Amino acid sequence: MPVKQIHLAAHFPGVNNTTVWSDPRSASQIDFASFEHLARTAERGKFDFFFLAEGLRLRELKGRIHDLDVAGRPESLTVLSALAAVTTRLGLAATVNSTFNEPYDVARRLATLDHLSEGRAAWNVVTSYDAFTGENFRRGGFLDEADRYTRAAEFLHTARELWDSWADEDVLADAEAGEFVRPGAGAFAHHGREFDITGRFTTPRGPQGHPVIIQAGDSDEGREFAAADADVIFSRHGTLDEGRAFYKDVKSRLARYGRRPDELKILPAVTYVLGDTDEDAAERALEIRRAQVSPQNAIAYLEGFWGRDLSAYDPDGPLPDVEPDLGEGVSKGRAQFRGDRGEVVRRWRALAAERGLSIRELVVEATGRQTFIGTPRTVADRIDEFVQTDAADGFIFVPHLTPGGLDDLVDHVVPLLQEKGVFRTDYSGPTLRDHLGLTAPRVRRAPEEAAS
Amino acid sequence: MTHLHLAVALDGAGWHPAAWRDPSVRPGGLFGARHWTGLAAEAERGLLDFLTIEDAFGLQSSRPGEPDDRTDQVRGRLDAVLLAARIAPATSHIGLVPTAGTTHNEPFHVAIGIASLDYASHGRAGWRPQVAARAADAAHFGRRVLPPLDALRGPRGRELVAELFGEAADAVEVVRRLWDSWEDDAEIRDAATGRFLDRDKLHYIDFEGPHFSVRGPSITPRPPQGQPLVAALAHDVVPYEFAARGADVVFITPHSRADAVTVVAQVREAERTVGRTGEPLKVFADLVVFADAAPGAAAARKARLDDLDGAVLVSDADIFTGTPEELADLLLDWRQAGLDGFRLRPGVLPADLVTISRDLVPILQRREAFRTVYDTSTLRGHLGLARPVNRYSAAR
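First to last, the sequence lines map onto chains A and Y.
Heads up: the first sequence is residues 1 to 452, going by our numbering.
Heads up: the second sequence is residues 453 to 848, going by our numbering.
Source of the hints: derived by calculation from the structure; they are not laboratory data.
One should not assume that every hint holds.
Label pairs and their in silico Cβ distance ranges [said to hold, decoys possible]: (1) A:THR439 to Y:GLY481: 55 to 61 Å; (2) Y:GLY727 to A:ASP321: 57 to 63 Å; (3) A:ASP164 to Y:ASP520: 19 to 25 Å; (4) A:ASP278 to Y:GLY661: 57 to 63 Å; (5) A:ASP174 to Y:ILE640: 38 to 44 Å; (6) A:GLY63 to Y:GLY727: 35 to 41 Å; (7) Y:GLY481 to A:ASP196: 32 to 38 Å; (8) Y:ARG724 to A:ASP164: 49 to 55 Å; (9) Y:HIS663 to A:HIS412: 52 to 58 Å; (10) Y:ILE640 to A:GLY356: 42 to 48 Å.
From a predicted model like this one, the values you see are computed outputs, not experimental measurements.
Glycine included, each C-beta is placed from N, C-alpha and C at the ideal position.
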């Protein structure tokens, strides 16, 4: 059996507590130079794409703006369009919300990026429904949670209709004959529950036809949405077993939509730490974890689960003895924990008691440990193992430093993957679809049972 | 003599609808980055203050206010803000002023888009807010129904125009508040307290209006210029007042020097009506330009394009045909009406832009009426506008 080729992407470090801002090497998260450095590094490493997240309202904790983590970011498509000027092959992926946007605008902006990058645009379709974010937009919190994927699916379907409203050959530009476009180019009509729109789309079809579609949700609905309609799924399953289970589940959903398993790439978001020896890397990993979880951040993190003010507690002392308030919660503007907070608190208390952990040690232990830790050789072998054993098709790396966070991965790990013959030594084509081995865009298909 | 300010308005293959058929144009490239970066480089070579990029949520049309079915003119466009961002790293001094609408767009998205352009260009961003009154464009969104354009005449129409411009003024206000919603020193990276931000230097903007309410703050820190340039095209009293409320620059369309005197007076009157404080509007006159060195050549070239199009070019702005010398004479004459500068709309791109940057500009330089080098690096700087104090810092 031939070895699978690995796909690699880079996530701009950005806005969360993965990013260590207290490190002296940590530079601006907003200056264009930081974006340019990361994008150029990813392209030097022959990565498939560069990925920008989105958050349309600053996070709040206890009714006030969360002030402990990196915050402040640009509009994704605008900065990616600028990055198209300083890169030539790297895919450019924007996260754009389907709730607080309209298909006509988003479709033309993505088609524009595809033109301006000569076929390198991707769209991570995210949904939100919260009235908190809605306070920044015309319609406020208009969408019920239950409808968010309904709207997202119809939004994407409508965007595809708009991209298809121009055929590849509709721009004639024939000066002799005096024909610039073919008659009716861009004509569309969509009559649906969420969108009822007609007219002419302004933007000719981009080089990729449709940009690459990425989906990041992990719920059952999110997986189904990806199986039906996405090219890449951005998951968070960083362990081998979880990864395999997720991979198997998602790939098995594709047949219902008449799709082959390789038509959807599964790329978990991961972090990494390199060292001269595996022990050295493990030590550095712990240092980074402690930098990510400042004393203040540890308290803030617990407050999100306790649902109450814990500022009187010592981060180096034992877990709060007060009971959690399981009401509305105190954290807003970040992906909400959807499970049973009371259960989490019980589990943490047991863990802290068993291991004698302070608040800060507990948070270091309980949150986001780095996925790949070791020498470049260890990490390269591990990445390859995940991919060859179907826990992933590749990874989206989330560095912990802006802008140098990808440098050592590209300098030391990528060459080992190339030596193994599992990662490209150069781009084989100009477009992101080429990098991902995706064919020309499909017309959206209904599930088989729906068609029968 | 104070220097003139010069801008160029970019749109497709130029402002003549048959421009794409001119032998100098490669019409297949209009949707590629190279066309636009080439134009921007040419404008920067001419040391122009800024370029503007047209946009709309609907195809170009030969009929005012509604779509047509013509296939012999350029149809199709790219998003102007993204085009400006694509141009930004390929240029170093010229200001970049894309058009973005106020009727269908979210003011929040516009604010972060232009702020991001300001970051990508190191302080060269501007925004041309544009009302979208076309019924066909509204149908692309399905959120509101606008009447056909002929219904805009009469009292109901005047009401609608007032409403659209009122909404546009609200959009500009929201965008400007969002740009200021982070004070310049809001990012503190204070290891001692573990705080990345000083939350007292972030501000809710709490705008409430009939069309939208926006809470803020922005997700994007205050852009390098503080307030990127806002420039509005205006043809009548309602838009003059809109410009006077929220813009830094107004583009007007006089058809003679005397007409310019009248319009400038109307603009100043609008400033008084709305109680504008601070810097007065910079007034730029728009001109469609066909310029060639040989006498008569530009007029002949335009006539050939008119023939191809089957109609004599009509424009809201005055149409100049002549030599670069004659154009320089006209600009220096009209400026005495109280104009700060001109936004030139090249009839054919890049041909008429090349004439502007390589022939017109040297003539103006010889007459000591135009810069010989960029001596500032931001768009506000080119126009002699200071970096504004943040409204929220000022209020504290």
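Against the structure, the hints:
no.	hint	in the structure
1	A:THR439 to Y:GLY481: 55 to 61 Å	27 Å, violated
2	Y:GLY727 to A:ASP321: 57 to 63 Å	60 Å, holds
3	A:ASP164 to Y:ASP520: 19 to 25 Å	23 Å, holds
4	A:ASP278 to Y:GLY661: 57 to 63 Å	60 Å, holds
5	A:ASP174 to Y:ILE640: 38 to 44 Å	59 Å, violated
6	A:GLY63 to Y:GLY727: 35 to 41 Å	36 Å, holds
7	Y:GLY481 to A:ASP196: 32 to 38 Å	36 Å, holds
8	Y:ARG724 to A:ASP164: 49 to 55 Å	52 Å, holds
9	Y:HIS663 to A:HIS412: 52 to 58 Å	54 Å, holds
10	Y:ILE640 to A:GLY356: 42 to 48 Å	35 Å, violated
Figure legend: structure checked against the earlier numbered hints; hints not met, in rising order: 1, 5 and 10.
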